[in-house]
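J.: Our numbering numbers the first residue of the sequence shown as 1 and each following residue consecutively.
Be a bit skeptical, because a hint or two may be false.
[What the hints assert, rightly or not] Here are the computed distance ranges between Cβ atoms for each label pair:
| no. | residue 1 | residue 2 | range |
| --- | --- | --- | --- |
| 1 | Trp251 | Arg104 | 24 to 30 Å |
| 2 | Arg35 | Pro145 | 45 to 51 Å |
| 3 | Tyr174 | Leu241 | 54 to 60 Å |
| 4 | Leu241 | Val4 | 33 to 39 Å |
| 5 | Thr159 | Leu18 | 24 to 30 Å |
| 6 | Arg204 | Leu56 | 23 to 29 Å |
| 7 | Trp251 | Arg35 | 16 to 22 Å |
| 8 | Ala30 | Trp251 | 17 to 23 Å |
| 9 | Leu27 | Leu241 | 20 to 26 Å |
[Stated by the list, open to error] 30 Å max Cα-Cα, derived DSSO-like pairs, lysine-lysine:
| no. | residue 1 | residue 2 |
| --- | --- | --- |
| 10 | Lys205 | Lys36 |
| 11 | Lys253 | Lys36 |
| 12 | Lys205 | Lys253 |
| 13 | Lys34 | Lys253 |
Quick caveat, the hints were computed from the structure, so don't treat them as lab data.
Because the structure is a prediction, the values reported are computed rather than measured.
C-beta: ideal position from N, C-alpha, C; glycine also.
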Amino acid sequence: MPVVIPAANMVAFVIGFLTTFILPLALIVALLVKRKITWLPLALGAATFFVSQIMLRLPLLSLLATTGWWRTFATHFVAFTLVVAFSAGLFEEGARLGGALLLRGQNSYRDIISFGLGHGLCEAILIVGMTHVNNLVFSMAINDPTAFGGVMALVPAETLEVVGVQIATVNPLYVYAGILERVGAVLFHIFATFLIFQGVIRHRKVLYLIVAILAHTAFNFLVVMLAQSVGTIATTVIILLIGAAAAWYVWQKRPVAIPAYSAEKDALIQLPPDRR
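Input sequences plus hints: build the corresponding full structure.
T.: Here it is, written out as structure tokens:
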């Protein structure tokens, strides 16, 4: 019996595509046009994700997956999850620091938000948005073999069947949970960006880099462990709460983040006018 993708799944994939691919792009364009964000920090933020994850970390993990010792290590779930989470923090925060240094003093509050949005939305588009594009294309091709001019006929029937079964059994509720999870993740990326930039501004790059790596590791590790223990829906709620707390922290610190920090400047301001 041929696989048929349920209408509820198709709707979920369409909504996922719109909210994690089209909407982020539209948001970026709107914010740039309204001058709410700056293009260079935004571009560098996106570049730090692309380089650290797409070009470096994910290919490295794929290479490690071909080795026997790594596959054996993967059976130790907690330790393996912790190491993988740490690798995400190390690569992403290291790249984020490199991007912040390349800006050469362009570190206003708006620049920080722009950089964080670039990083977080690039992840949403490339990791989640493209997954929904893939699911939607396969769903349409499976339900209507004549779709796309029969191009999908080039895909082996066995592959199409396996993919079809996987897509057909997806719970639409989990698709919507994934959309909300991205909101919390983007807010966390803005928070992590804030930490890195504060390290640059306050000339404590190493300290803030370590804090950002540990925070990133803890966030990723917690997400995976919670998904295993309390389920996807509860985990999504917790991620949103963490994201909200991160956003509140960054918002509360905005008066401190806007001017570039300088211990010498602070000392100068405290002197009487005739001694400056």
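J.: So, against the hints stated earlier in the document, which numbers end up violated here?
T.: Result: hint 3 breaks, nothing else.
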